[in-house]
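Colleague: Residue numbers (the numbering used here), protein chains in the order written: chain B, 1 to 323; chain D, 1 to 323; chain G, 1 to 323.
Because the hints were derived from the structure by calculation, they are not lab data. A virtual CB, placed ideally from N, CA and C, is assigned to each residue, including glycine. Careful, some of the hints might be misleading.
Subject to a maximum C-alpha distance of 20 Å in a straight line, what follows is the list of computed SDA-like cross-link-like pairs (lysine to any residue) [claimed, not checked]: (1) D/Lys104 x B/Thr141; (2) B/Lys315 x D/Val297; (3) B/Lys319 x D/Asp316; (4) D/Lys196 x B/Asn268; (5) B/Lys112 x D/Asp316.
Beta-carbon label-pair distances, calculated as ranges [claimed, not checked]: (6) B/Lys196 x G/Ile52: 41 to 49 Å; (7) G/Leu192 x B/Lys196: 48 to 56 Å; (8) B/Lys196 x G/Lys117: 30 to 38 Å; (9) G/Tyr51 x B/Lys196: 45 to 53 Å; (10) D/Asn139 x G/Lys112: 25 to 33 Å; (11) G/His138 x B/Lys196: 18 to 26 Å; (12) G/Asn303 x D/Ser84: 54 to 62 Å; (13) D/Tyr190 x G/Leu192: 48 to 56 Å; (14) B/Lys298 x D/Ser84: 33 to 41 Å; (15) B/Ser305 x D/Lys50: 47 to 55 Å; (16) B/Glu198 x G/Asn133: 32 to 40 Å; (17) B/Asn48 x G/Asn303: 24 to 32 Å; (18) D/Lys121 x G/Leu192: 47 to 55 Å.
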Amino acid sequence: MFFENKGPFKLSYIKSKCAISSINFEGKVNDIKSLNNAKKNDISFLDNSKYIKSLHSTSAGYCVLKEKHAIHLPSTCKPIISQSPLNDFIKISILFYPDARYDKHSSLYLSKGQLKKKYKKVKFGNNVHISKNVIIGHNTTIGNNVIIENGCNIGNNVIVSSNVIIKNTHIGNNSIISFGCVIGKIGFGYKLINNKIEIIPHIGQVIVGNNCNIGSYCVIDRGSFSNTKIGNNTSLDNHVHIAHNTEIGENCFIAGQVGIAGSTIIGNNVMIGGQAGVSGHLKIGNNVKIGGKSGVVKDINDNQSVMGYPAVSIKDFLKNDKK
Amino acid sequence: MFFENKGPFKLSYIKSKCAISSINFEGKVNDIKSLNNAKKNDISFLDNSKYIKSLHSTSAGYCVLKEKHAIHLPSTCKPIISQSPLNDFIKISILFYPDARYDKHSSLYLSKGQLKKKYKKVKFGNNVHISKNVIIGHNTTIGNNVIIENGCNIGNNVIVSSNVIIKNTHIGNNSIISFGCVIGKIGFGYKLINNKIEIIPHIGQVIVGNNCNIGSYCVIDRGSFSNTKIGNNTSLDNHVHIAHNTEIGENCFIAGQVGIAGSTIIGNNVMIGGQAGVSGHLKIGNNVKIGGKSGVVKDINDNQSVMGYPAVSIKDFLKNDKK
Amino acid sequence: MFFENKGPFKLSYIKSKCAISSINFEGKVNDIKSLNNAKKNDISFLDNSKYIKSLHSTSAGYCVLKEKHAIHLPSTCKPIISQSPLNDFIKISILFYPDARYDKHSSLYLSKGQLKKKYKKVKFGNNVHISKNVIIGHNTTIGNNVIIENGCNIGNNVIVSSNVIIKNTHIGNNSIISFGCVIGKIGFGYKLINNKIEIIPHIGQVIVGNNCNIGSYCVIDRGSFSNTKIGNNTSLDNHVHIAHNTEIGENCFIAGQVGIAGSTIIGNNVMIGGQAGVSGHLKIGNNVKIGGKSGVVKDINDNQSVMGYPAVSIKDFLKNDKK
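Model the full assembly from the supplied sequences, consistent with the hints where possible.
Modeller: Here it is, written out as C-alpha cells:
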C-alpha cells in the first residue's frame, strides 16, 4: 500500500484522541475505508445523503454519520453519531494515515545497476529516481529525471517522458505520459476543524487506463478517500488539471488547459474543448460535447452538446449570441 | 533531420501496406511533404479546398486528393484519388515516419567533458542532456537539468533556463526560454482510421525567432506536416499553450495562460490578454488586440480590438455589458 | 542581496548614460528604491498620481517624476523632472542592476558533502542545486532536482517538493511548495524605450508566508521595484499564475488555473474559484468570494461575492442567467 496505516486502534483510543464523545462501544478498528470497500473491522462514513444507498450494502463494522441516517445501517454496522461526519472522519483518518497529508520524497531510490538488474526489459534515461516497490512492465520507456515513488505500477509499452513525477498511481498498458506530468500528488482539500485549517489526508490513488495519452504538465491529483480515474483510450492535451476523486470515462478527448474540479464523474466518449472548466461533484453523461472555454456548473445528460458560462445547450448559446 | 525516414518505398508497397486501392501506377516515393515543399519523387496531399492554390504550383510527383480536385494538378503530379485524403496521407506518413508519433528520449547524450570540448563558448549547468547532433551558438547559457534532443539548433546569446526540454526545434539569437518550457513535443492530433484511433505523426518542427521571450511552463507543440512558428521579438508569459502548426508573427505579446489552438495564423504586433483562447484554423490579422479571457472563434481583420466569448469588437462588448 | 548593485554612480554619469537631460545637480546615488524604502542617497520615482501620498513621507534623496508632482516632494528630495518617469527610472535601474533582467543559473552549487555539513537538520533528495548563500531552516525537506538560488531564505518545517525552482524568495515556516513550482523568476514586463523593447529589471523578491500551500506548477513572479507577497495560511491549487508585485493576503484559497495579473492587492480570507482571472493594478477587499471562471476587471469591496466576465455580484449574475 501507498501509505503506512498506523492502526489498528481501539475505539476508546480513537474516542479520546479525536474528541468524538459519541463513541460508546468497545472494539478495535483496522482501517478506514469508503462504504463500498470497508470490511468488518473497518470504519467508514456518510456525509452526503446522495450516497445513502451505499449504507444498505456496506460491510463496514463502524460508520460515522448523522443521527437521521443511522436507521439505514445494516445491523452489522455500528453507528458513530456525528453532527459533522466528514470532519470527524478526517480526524480519524489523520490518526490512521498522518503521512497521507504530505508529499515527501522517498529516502531510497534504486541505483543504475539495481535498475538494470531488476527491470531487464525497461529502457531508462539518466537521473531517474525509482523507489524500491515499483512495478514496471515490459518494453516501457522511462525518460530522464523521472521520479516514480513507492507502490506505483506501470504497465507494458508505456512511455513515461522526461521530468514526469508519479506516485500513488497505477498506469495501464500502452499509455503515454508526456513531459513533466505530475500524477498522484495530494489534492486541494482543507477543512476547518476546531478553528484550525486541516489538510485532508489523501489515501486514494490515481488509476490511469490502457492506451491513454496524457499531455505535458498535466496534473492529476490522487483521491482523498476514493480514487481518481482516467479511463482507457482517453487523451488529455497539455496543462490539464484533474482534481481529486474525479473519474473520467473511456475514449474521451480533453483539450489543453481544461480543469475538472473534484469528485466529478465524466462518462465515455466525452469531448471537452480547450480552457473549459467543469465544477466539482457533477455527473456528465456519455457522448457529451463541451465547447471550448465553457464553464459547466450542472449535471449534463447523455448525448448533449453544451457551451458558454454557465454552459447551456449549443442551440441556446448560439441563439443568445445572435441577439 | 529530426525523424528517420524509413523510405523510399515503391508505390505498390504503399498501396498494399496502407490499403489504398486507388494507387494504379508504378514508381518510387522518397518522402512525404507539404504541397509547397514537395519535390519530384515526393508524395503530398490536399484535404481542404481552401488550399487549392498550392496544387497549381506544386512540384510533388504524387498527391493524395479528392477526385473533384484532381483537375487542378499540374501534369507533373500524379493523382491518388481518395475519399478521405487526410486519413490516407496519415497512413502513408506512418509508413515513412513511424517514430514521429512518439516522444522518446535519446539513447545517447554528451558527457560533461564532451560538452566542454564541443561547445567552448557555451555555459552549461549541471545534469544537462544534450544529444549528439545539436548546434548551440556562442555566449548561450544552458541551465540545470536541461534536455536538448537531436537536430536542434540554438542561436547565440540565448538563455535556456533550468528544466527546459527542447526537441525538433530551431531557436534564434538573443531569445530567452524560461524555466520548464517544453518546446517541440508532439501535438494533440488523432484520427479515427478503420475504427482505430491513430496518433497523427508529427514530422514538423518548431521555429522560434530572434529576441523572443518564452515564459515558464509554456508548451509549444511541433507541427504535424508543417511547422509551428514564433516570430522575432515576440514574448509569451507563463503557462501559455501553443498548439501544432500555429504561426505567431513578430512583436507580439501574449499574456499568461493563453491557449492558441492548432493551425491558427496570427499576424504581427498582436497583443493577447491573460487566459484568452483562440480556436484552431483561424487567421488573426496584424495589430490586433484580444482582451484578457476572450474566446476567439472567428477570423479577425487587421487593427481590430476584440473581447468576450465569443469575442466581439470592444465597443460591442462594452455596450452589452451596460445593458 | 539578490542582485549585484553596480553603483554607486554620480548623477552626472547617470545623466549621460541614460540621456536624461533634466538632471542638473551633482551628487552620488547609492541605490534605486521604492518611495517608501528609499534613503538619503537613493533615487526613486513616481509614475502614477495614485501613489502621491508616498511622496510626502519619502526619505529618498532624488525622485524621477512629472513636473506637476514635484510640488509634493519634501525639501530633502531633489526632483528629476521627466515626461515619462517610469521609462527614465527603468533606464536608471538597468544601469544599477543589469543582471536583474535575466534569470541565469548560479555558477556554483554546494556538493552533497557540503550540504550535509552545512544543513545538519535538513533532508535533501538527489540532484539538488543549492547556491552558496541560502538559509534553510530545521526539519525542512528538499526534494529531488530542486534548485534554490543565491540569497533565498527557507523556513523551518517546510516541504520543497521535487523539481521546484526558487530564487529571490523568502519562504516562511511550515509551508509546502509542491512539485515543479517556479518562485521568484522575472515577471512579464517590457517597455518601449527609444523604439526598443526593453526588459524591465526585476529587483524585487517573492515573500511567501507561514503555513502556505503552493500547488504543483504554480509560477509566482518576483516584483519589479516592490515585492510579490503570499500571506500566511494561504493556499494555491495547481497551475496558478501570480504575476509581479501582486500581494495576496492571509487565509486565502485560490483554486486551480487561476491567474492574477501584476500589482493587484488581494485582502484576507479571499476565495477564488478555478480558472478565474483578476486583472492588474486592482484592489480586492477582505472576505471576497470570486466564482470559478470569473474575470475580475474592477476593484471589489470587502465582503462581496462576484461572478462572471466581467465579474458582477452573484445576485446580478444569476439574474442575467435567468433571462
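Colleague: All hints are to be evaluated individually against the structure, with a verdict given for each.
Modeller: Now for the hints, and whether the structure bears them out:
1. D/Lys104 x B/Thr141: Holds - the C-alpha atoms of B/Thr141 and D/Lys104 are around 7 Å apart, at most 20 Å.
2. B/Lys315 x D/Val297: Judged against 20 Å, a Cα distance of about 16 Å means the pair holds.
3. B/Lys319 x D/Asp316: Cα-Cα ~17 Å, so holds.
4. D/Lys196 x B/Asn268: holds, 16 Å
5. B/Lys112 x D/Asp316: Status violated; Cα separation ~62 Å.
6. B/Lys196 x G/Ile52: 41 to 49 Å: holds, 42 Å
7. G/Leu192 x B/Lys196: 48 to 56 Å: holds, 50 Å
8. B/Lys196 x G/Lys117: 30 to 38 Å: holds, 37 Å
9. G/Tyr51 x B/Lys196: 45 to 53 Å: Violated, since G/Tyr51 and B/Lys196 (Cβ atoms, about 38 Å apart) do not stay within the stated range.
10. D/Asn139 x G/Lys112: 25 to 33 Å: holds, 31 Å
11. G/His138 x B/Lys196: 18 to 26 Å: holds, 22 Å
12. G/Asn303 x D/Ser84: 54 to 62 Å: For D/Ser84 against G/Asn303, whose Cβ atoms are near 58 Å apart, the range 54 to 62 Å holds.
13. D/Tyr190 x G/Leu192: 48 to 56 Å: violated, 42 Å
14. B/Lys298 x D/Ser84: 33 to 41 Å: At 37 Å between Cβs, range holds.
15. B/Ser305 x D/Lys50: 47 to 55 Å: Distance hint for B/Ser305, D/Lys50 is violated at roughly 25 Å.
16. B/Glu198 x G/Asn133: 32 to 40 Å: holds, 36 Å
17. B/Asn48 x G/Asn303: 24 to 32 Å: holds, 28 Å
18. D/Lys121 x G/Leu192: 47 to 55 Å: violated, 31 Å
Against the hints set out earlier in the document, violations occur for numbers 5, 9, 13, 15 and 18.
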